[in-house]
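Letter by letter, the chains look like this.
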Amino acid sequence: MPSFDSEKAAELHRELHTHLPSDPALRVKTLESLAVERGLVSPDGLDAWIEAYSEHVGPKRGAQVVARSWTDPEFRQRLLADASQAIKEFGFEGSATGHLKAVENTETEHNLIVCTLCSCYPFSILGLSPAWYKSVEYRARAVREPRKVLAEFGVDLPDSVGVRVWDSTAELRYLVIPQRPAGTEDWNEDRLAAIVSRNSMIGTDRDLRAEAG
Amino acid sequence: MPSFDSEKAAELHRELHTHLPSDPALRVKTLESLAVERGLVSPDGLDAWIEAYSEHVGPKRGAQVVARSWTDPEFRQRLLADASQAIKEFGFEGSATGHLKAVENTETEHNLIVCTLCSCYPFSILGLSPAWYKSVEYRARAVREPRKVLAEFGVDLPDSVGVRVWDSTAELRYLVIPQRPAGTEDWNEDRLAAIVSRNSMIGTDRDLRAEAG
Amino acid sequence: MDGIHDLGGMEGFGPIPIEGGDADFADIEAWEQRMWALNSQMQVDGVTIDWFRHGIERMVPADYLSFAYFNKWCANYLMLLLDNGVISMEDVRRGTTGDRSAPAPAPTLGDVLATVRKSNRSFAVDQEQPPAFMPGEPVRTLAHIRSDHTRLPRYARGVEGTILTHHGSHLLPDEGAKGRHAGTHLYSVCFKATDLWGSDANPRDTVTLDLWEPYLVPA
Amino acid sequence: MDGIHDLGGMEGFGPIPIEGGDADFADIEAWEQRMWALNSQMQVDGVTIDWFRHGIERMVPADYLSFAYFNKWCANYLMLLLDNGVISMEDVRRGTTGDRSAPAPAPTLGDVLATVRKSNRSFAVDQEQPPAFMPGEPVRTLAHIRSDHTRLPRYARGVEGTILTHHGSHLLPDEGAKGRHAGTHLYSVCFKATDLWGSDANPRDTVTLDLWEPYLVPA
Numbered sequence: 011m012p013s014f015d016s017e018k019a020a021e022l023h024r025e026l027h028t029h030l031p032s033d034p035a036l037r038v039k040t041l042e043s044l045a046v047e048r049g050l051v052s053p054d055g056l057d058a059w060i061e062a063y064s065e066h067v068g069p070k071r072g073a074q075v076v077a078r079s080w081t082d083p084e085f086r087q088r089l090l091a092d093a094s095q096a097i098k099e100f101g102f103e104g105s106a107t108g109h110l111k112a113v114e115n116t117e118t119e120h121n122l123i124v125c126t127l128c129s130c131y132p133f134s135i136l137g138l139s140p141a142w143y144k145s146v147e148y149r150a151r152a153v154r155e156p157r158k159v160l161a162e163f164g165v166d167l168p169d170s171v172g173v174r175v176w177d178s179t180a181e182l183r184y185l186v187i188p189q190r191p192a193g194t195e196d197w198n199e200d201r202l203a204a205i206v207s208r209n210s211m212i213g214t215d216r217d218l219r220a221e222a223g
Numbered sequence: 011m012p013s014f015d016s017e018k019a020a021e022l023h024r025e026l027h028t029h030l031p032s033d034p035a036l037r038v039k040t041l042e043s044l045a046v047e048r049g050l051v052s053p054d055g056l057d058a059w060i061e062a063y064s065e066h067v068g069p070k071r072g073a074q075v076v077a078r079s080w081t082d083p084e085f086r087q088r089l090l091a092d093a094s095q096a097i098k099e100f101g102f103e104g105s106a107t108g109h110l111k112a113v114e115n116t117e118t119e120h121n122l123i124v125c126t127l128c129s130c131y132p133f134s135i136l137g138l139s140p141a142w143y144k145s146v147e148y149r150a151r152a153v154r155e156p157r158k159v160l161a162e163f164g165v166d167l168p169d170s171v172g173v174r175v176w177d178s179t180a181e182l183r184y185l186v187i188p189q190r191p192a193g194t195e196d197w198n199e200d201r202l203a204a205i206v207s208r209n210s211m212i213g214t215d216r217d218l219r220a221e222a223g
Numbered sequence: 092m093d094g095i096h097d098l099g100g101m102e103g104f105g106p107i108p109i110e111g112g113d114a115d116f117a118d119i120e121a122w123e124q125r126m127w128a129l130n131s132q133m134q135v136d137g138v139t140i141d142w143f144r145h146g147i148e149r150m151v152p153a154d155y156l157s158f159a160y161f162n163k164w165c166a167n168y169l170m171l172l173l174d175n176g177v178i179s180m181e182d183v184r185r186g187t188t189g190d191r192s193a194p195a196p197a198p199t200l201g202d203v204l205a206t207v208r209k210s211n212r213s214f215a216v217d218q219e220q221p222p223a224f225m226p227g228e229p230v231r232t233l234a235h236i237r238s239d240h241t242r243l244p245r246y247a248r249g250v251e252g253t254i255l256t257h258h259g260s261h262l263l264p265d266e267g268a269k270g271r272h273a274g275t276h277l278y279s280v281c282f283k284a285t286d287l288w289g290s291d292a293n294p295r296d297t298v299t300l301d302l303w304e305p306y307l308v309p310a
Numbered sequence: 092m093d094g095i096h097d098l099g100g101m102e103g104f105g106p107i108p109i110e111g112g113d114a115d116f117a118d119i120e121a122w123e124q125r126m127w128a129l130n131s132q133m134q135v136d137g138v139t140i141d142w143f144r145h146g147i148e149r150m151v152p153a154d155y156l157s158f159a160y161f162n163k164w165c166a167n168y169l170m171l172l173l174d175n176g177v178i179s180m181e182d183v184r185r186g187t188t189g190d191r192s193a194p195a196p197a198p199t200l201g202d203v204l205a206t207v208r209k210s211n212r213s214f215a216v217d218q219e220q221p222p223a224f225m226p227g228e229p230v231r232t233l234a235h236i237r238s239d240h241t242r243l244p245r246y247a248r249g250v251e252g253t254i255l256t257h258h259g260s261h262l263l264p265d266e267g268a269k270g271r272h273a274g275t276h277l278y279s280v281c282f283k284a285t286d287l288w289g290s291d292a293n294p295r296d297t298v299t300l301d302l303w304e305p306y307l308v309p310a
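Line by line, the protein sequences give chains E, H, F and C.
For the first sequence, the working numbering gives the first residue as 11, with consecutive numbering after it.
For the second sequence, the working numbering gives the first residue as 11, with consecutive numbering after it.
For the third sequence, the working numbering gives the first residue as 92, with consecutive numbering after it.
For the fourth sequence, the working numbering gives the first residue as 92, with consecutive numbering after it.
Where hints are given, some of them may not hold.
Unchecked claim - DSS-like cross-link-like pairs, simulated, lysine-lysine; straight-line CA separation at most 25 Å:
| hint | chain 1 | residue 1 | chain 2 | residue 2 |
| --- | --- | --- | --- | --- |
| 1 | H | K70 | C | K209 |
| 2 | C | K209 | H | K98 |
| 3 | C | K283 | H | K158 |
| 4 | F | K283 | E | K70 |
| 5 | E | K158 | C | K283 |
| 6 | H | K98 | E | K158 |
| 7 | E | K18 | F | K269 |
| 8 | E | K158 | E | K144 |
| 9 | H | K158 | E | K18 |
| 10 | H | K39 | H | K144 |
| 11 | E | K70 | E | K144 |
| 12 | H | K39 | H | K70 |
| 13 | E | K158 | F | K209 |
| 14 | H | K158 | H | K144 |
| 15 | H | K144 | H | K70 |
| 16 | F | K209 | E | K98 |
| 17 | C | K269 | H | K18 |
| 18 | H | K158 | F | K269 |
Stated by the list, open to error - Listing some non-contacts, in silico: residues in chain F with all C-beta distances to chain E over 12 Å:
| hint | residue |
| --- | --- |
| 19 | G103 |
| 20 | A121 |
| 21 | G146 |
| 22 | E228 |
| 23 | L262 |
| 24 | R271 |
None of these hints come from the bench; they were simulated from the model.
Idealized CB from N, CA, C, for every residue including glycine.
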């Protein structure tokens, strides 16, 4: 059982800092070897997890949810009311989405998601978070200068649009519902899902384009 | 002339981070070579500076000042009123002591000096600052948990003694006047100076001992 | 803890590393995929999500800033296994325990996908106490935190905001990091950017945080 | 700037590195002595003490935490020389400018000791404005700073303290880092440890900072 002793944790980390090689691949290899020897994981099982997140769990899930919210007003209401429940209609419930909140962009509001204290992210609908989302740069800057951050992603917001930053400090996770682009009125759900970028569901992309579909 | 452009400075630092070898000795060698080639410094001159701080400018100066403050009450008054002026009586004026303030330990007060924002230090009377004084650990902790820091230096303060931490945020520099130990009543200034530790003049040492002399 | 992990609003960082930081899971480094899978499959007895997070917070600060994300996880798993006595520092140094227990069962892809679906854990807990605040009410965050692990970031201390939503009672991380199971009311609290950052911020902008009742006082 | 250099009160660091950190100048590494001497002898045109300090503040944050002290100085001198156009990044990469100006004169030990004595520079400047505060008066520090370079640390923002001493008018670092020469009144301001850190602090203890008038408002 854990000691739950903060000072002990820090001391162990300092020892690890001293004793471990700096190459991360070697470090992870060490962890894997020890975990396998202790019967905590199996190499084949690890392969299955990698396959799951390479092929099945990923941002295409979130894109399908967004596309349906564009075509089905009643689903959109359910999604906004309780997103954890609504994604079960797709079988997308899972890791880090036990408490999920959908926030919608409008003509006058743009939403941006960050986790300043670690890197919380709704894995089961967006897959693995991009490296930039976990970077110290994004975590430090998104809450303080969101407009400069957005500009680096190519999103230039006029002053008429307010930015709502959501810092995921608890177990709530967030999904941004981007605006449906003009010119997609007669598109079906699958075609719509194809133009929903991962970044638009985090908030670092805003103007989706009909052409992309 | 400098650009005084904060962003440009940051960008140059990021480039240096990318291009320079990690070994500090190699980096300093590069700087020296470039500075010599540009006529900014001379190798022999650098040797003279090293000799000055190895042999002449150092904490023995501060110790002499403290010893005199113990034996000469009028000097002590001058030192407490204007330390920058008082040290001129020794010819110790110089780098980073244009504004010097002496603070005295008593039975009920202990003084501790730190510079949380960089590592300001009164060079001309204490010489080069010790590495721990410039460490992130000391800078972070001295203002928040001075008693724990002091305990690591072997100074256990009873609750009856208050700690006065001085964070050198401007161009004032600080010199702690430790208490004169009992049993030194008939000692002369030189013998007294020999027991004044550098750390006692920073505040990380408190009870000087007559035996040490 | 006012640690290095508490990055919100810290200045001096460069551009967001978008280039090369936008890869899909299938395209990241093999060791990163491996670490993700290790995290997914491994259970370390008694470890709460809050003790896990606090473990990362207690990393050597310079490592915290310079390590790639999954390298931090790796360091933390080693710490957690060491703390639990599952492995020794000598094992870590050698890269092997020297012996081998019964191998763990290997989940199939189907097992894994089923496990993902079952992982939508709720952090809500029953609560007798009524909530102290109602949506629309002004509140102020604490100026000082007395906790090793807290989820009230430094940039949002001693600031006035408005209750946006009440989420019922959720497990309090400050207690979870000590292995204790205790819930208090959780709220989304909306802050004006200008109240957080001063007059340089855009008055149109807001930052919303999810904060527990013990972090808040009436404004 | 709320940068990584602003370390006061940051938690998560280990023991003070006393062992090995207590060496006299004569016993430190040769490259460290060399860097000290370079700093002592070198003049970089137009560099103010505040631009120098701000330069170090703009280092890569991970480097700031992990570099030895004089290694930071080295990085900063290279930055300052690059910024002034004295050297190029190509020179740095090659380790040589490829040519050589007239060599600098070499000071003797006597010259150096005389230079040290003459270096007791005053930062006081004349001031027409009377001071806004008197010793004994309560003041409050600003909650937000609008400046690239400031000497009001984050841990002492928005806190009430008492004026201990008035030092006349001194050069304001916020302006000095921009190459501008402007003085405002400087005070030593004493804060109760409990006002800075909350009730965990010892009520007997205080922290005193030297703060310029623009950092302060009446309490």
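So, going through the hints one by one against the coordinates:
1. For the given pair, H:K70 sits about 20 Å from C:K209 by alpha-carbon distance, which is consistent with the 25 Å threshold.
2. As the CA atoms of C:K209 and H:K98 are separated by approximately 11 Å, the hinted pair is consistent with the 25 Å bound.
3. Pair hint C:K283 plus H:K158 holds up; C-alpha atoms about 17 Å apart against a cutoff of 25 Å.
4. Between F:K283 and E:K70 the alpha-carbon distance is near 33 Å, which puts this suggested pair outside the 25 Å criterion.
5. Simply put, E:K158 and C:K283 have alpha-carbon atoms about 38 Å apart, too far for the 25 Å limit, and the pair is violated.
6. Distance restraint check for H:K98 and E:K158: the Cα-Cα separation of roughly 53 Å exceeds the 25 Å cut-off, and the hinted pair is therefore not satisfied.
7. Between the alpha carbons of E:K18 and F:K269 the distance comes to roughly 13 Å, so the proposed pair stays at or under 25 Å and holds.
8. For the suggested pair E:K158 and E:K144, the alpha carbons sit about 18 Å apart, so the restraint of at most 25 Å is met.
9. Of the supplied pair hints, the one linking H:K158 and E:K18 holds, its CA atoms being roughly 17 Å apart against a limit of 25 Å.
10. Distance hint between H:K39 and H:K144 is fulfilled; the C-alpha atoms sit about 22 Å from each other, no more than 25 Å.
11. Our distance criterion of 25 Å between C-alpha atoms is met by E:K70 and E:K144, whose separation comes to about 20 Å.
12. A distance of roughly 31 Å separates the Cα atoms of H:K39 and H:K70; the hinted pair therefore is violated under the 25 Å criterion.
13. Distance check on the hinted pair: E:K158 and F:K209 sit about 39 Å apart at the alpha-carbon level, beyond 25 Å; violated.
14. Under the criterion of a C-alpha separation no larger than 25 Å, the hint pairing H:K158 with H:K144 is consistent with the structure, at around 18 Å.
15. With a C-alpha separation of about 20 Å, the suggested pairing of H:K144 with H:K70 holds against the 25 Å cut-off.
16. In summary, the hint linking F:K209 to E:K98 is supported, as the alpha carbons are separated by about 11 Å, within the 25 Å threshold.
17. Proposed proximity of C:K269 and H:K18 is supported: the alpha carbons are some 13 Å apart, at most 25 Å.
18. Restraint check for H:K158 and F:K269: the C-alpha separation of about 23 Å stays at or below 25 Å, so the hint holds.
19. For F:G103, the shortest C-beta to C-beta distance to chain E comes to about 8 Å, within the 12 Å cut-off, and the non-interface label is violated.
20. With a cut of 12 Å on Cβ distances, F:A121 falls inside the contact zone with chain E, its closest approach being about 8 Å.
21. With a closest Cβ-Cβ approach of about 5 Å to chain E, F:G146 is found to fall inside the 12 Å limit, against its non-interface label.
22. Chain E leaves F:E228 outside its interface by the beta-carbon criterion, the shortest separation being 18 Å against a cut-off of 12 Å.
23. The Cβ of F:L262 does not lie farther than 12 Å from every Cβ of chain E; its closest approach is about 8 Å, which violates its non-interface assignment.
24. With a closest Cβ-Cβ approach of about 8 Å to chain E, F:R271 is found to fall inside the 12 Å limit, against its non-interface label.
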